[in-house]
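Based on the sequences and whatever the hints tell you, model everything.
Going down the list, the sequences are from chains A and B. Under our numbering, the residues of the first sequence are numbered 1 to 114, in order. Under our numbering, the residues of the second sequence are numbered 1 to 112, in order.
Keep in mind the hints are simulated off the structure, nothing from the lab. Hints should not be assumed to be uniformly reliable.
Claimed, not checked - Sample of chain A residues with no beta-carbon within 10 Å of chain B, all distances over it, derived:
{"id": "1", "residue": "S14"}
{"id": "2", "residue": "S26"}
{"id": "3", "residue": "V29"}
{"id": "4", "residue": "G62"}
{"id": "5", "residue": "E66"}
{"id": "6", "residue": "T72"}
{"id": "7", "residue": "P79"}
{"id": "8", "residue": "D85"}
What the hints assert, rightly or not - Facing chain B, from chain A, some residues (calculated, C-beta under 8 Å):
{"id": "9", "residue": "G8"}
{"id": "10", "residue": "S9"}
{"id": "11", "residue": "Y25"}
{"id": "12", "residue": "P40"}
{"id": "13", "residue": "L44"}
{"id": "14", "residue": "L46"}
{"id": "15", "residue": "A101"}
What the hints assert, rightly or not - Okay, the calculated bits of chain B under chain A, using three or more residues with CB under 8 Å as the criterion:
{"id": "16", "segment": "28 to 35"}
{"id": "17", "segment": "40 to 53"}
Because the structure is a prediction, the values reported are computed rather than measured. Backbone N, C-alpha and C define an ideal beta-carbon position, used for all residues, glycine too.
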Amino acid sequence: AQSVTQLGSHVSVSEGALVLLRCNYSSSVPPYLFWYVQYPNQGLQLLLKYTSAATLVKGINGFEAEFKKSETSFHLTKPSAHMSDAAEYFCAVSGNQAGTALIFGKGTTLSVSS
Amino acid sequence: NAGVTQTPKFQVLKTGQSMTLQCAQDMNHEYMSWYRQDPGMGLRLIHYSVGAGITDQGEVPNGYNVSRSTTEDFPLRLLSAAPSQTSVYFCASRKTTVFEQYFGPGTRLTVT
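Okay, here's the thing in structure tokens:
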């Protein structure tokens with residue numbers, strides 16, 4: 001079984017500051033990990049994914065995440081926040097077998113102030 | 001490709017009414033799923049399907065039925081709506097062996 005814990009339901013940063021959104025996972029099999037973003041009143045868009053290749057994964061809009069097996073973590077970072085990054089971010093995990101369900105964390109709302 | 005489409009976008013139901021949320025995809029994806037999104041709860045899996053004729057329950061299946069008669073369509077049925085089913089519902093699909101999931105735009109359902 002898989003599960004995800006996102007630490008911090010709300011993160012606030014200033015424009016230009018580092019963004020760090022935390023995600024820890026639990027999985028009984030090698031995991032595949034994802035970050036999705038949801039802008040207000042919209043659907044979910046994939047930011048990046050880890051599927052057992054490079055542990056440092058680069059995504060869209062300058063975001064990246066590092067898979068750390070020893071820490072069971074997959075934290076999302078961006079060196080410099082932009083106002084347009086304000087959104088809700090979801091970490092998700094699945095097993096690596098065909099047909100495995102994708103399980104989401106509860107989400108972190110990112111606010112960016114000028 | 002239209003991707004994953006959902007209808008309707010908005011719906012208001014009275015307690016006890018039934019309805020079907022429609023979901024279709026044109027990407028020939030074997031795997032389809034339904035989630036509900038509630039504030040502070042993230043997305044919770046309701047039902048999923050790995051192919052036509054095969055469905056299984058997710059985390060919160062009670063009060064919902066699904067069927068998968070074709071690869072393209074995966075409707076979600078509420079047999080007797082309850083206020084606790086007020087939520088935003090997302091349908092998603094992917095290839096079984098490719099784990100990137102594509103989401104529809106969502107259906108916002110209110111049960112009064």
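So, going through the hints one by one against the coordinates:
Listed as outside the interface, S14 (chain A) is consistent with that label: its C-beta sits roughly 25 Å from the nearest C-beta of chain B, beyond the 10 Å cut-off. Residue-level check passed: S26 (chain A) sits 15 Å from the nearest beta carbon of chain B, beyond 10 Å. Its beta-carbon lying about 13 Å from the closest one in chain B, V29 (chain A) satisfies the requirement of being farther than 10 Å from that chain. Non-interface status of G62 (chain A) relative to chain B is upheld: no Cβ of that chain comes within 10 Å, the nearest being about 20 Å off.
Distance check for E66 (chain A) against chain B: the nearest CB is about 18 Å away, which clears 10 Å, and the non-interface claim stands. The non-interface label for T72 (chain A) is consistent with chain B: the shortest C-beta to C-beta separation is roughly 18 Å, beyond 10 Å. Every CB of chain B lies more than 10 Å from the CB of P79 (chain A), the least distance being 25 Å, so the non-interface label holds. Distance to chain B confirms D85 (chain A) as a non-interface residue, since its nearest Cβ pair spans about 19 Å, more than 10 Å.
Taking 8 Å as the C-beta cut-off, the interface hint given for G8 (chain A) is violated, the closest approach to chain B being about 13 Å. Given the 8 Å rule on beta carbons, the hint for S9 (chain A) holds: about 7 Å separates it from the nearest Cβ of chain B. The criterion of a C-beta within 8 Å of any C-beta in chain B is not met by Y25 (chain A), whose closest approach is roughly 13 Å, and the hint is violated. The interface hint given for P40 (chain A) is violated, since its Cβ lies 12 Å from the closest Cβ of chain B, which is over the 8 Å cut-off.
Look at L44 (chain A): its Cβ gets to within about 4 Å of chain B, closer than 8 Å, so that hint holds up. Satisfaction of the interface hint for L46 (chain A) is found here, the shortest Cβ-Cβ separation to chain B being roughly 6 Å, below the 8 Å cut-off. Checking A101 (chain A) against chain B: minimum C-beta separation of about 6 Å stays under 8 Å; hint holds. Under the rule that three or more residues need a Cβ within less than 8 Å of chain A, the assignment of the segment 28 to 35 of chain B holds, with 3 such residues.
Counting residues of the segment 40 to 53 of chain B whose C-beta sits closer than 8 Å to any C-beta of chain A gives 8, which meets the bar of three, so the coverage hint holds.
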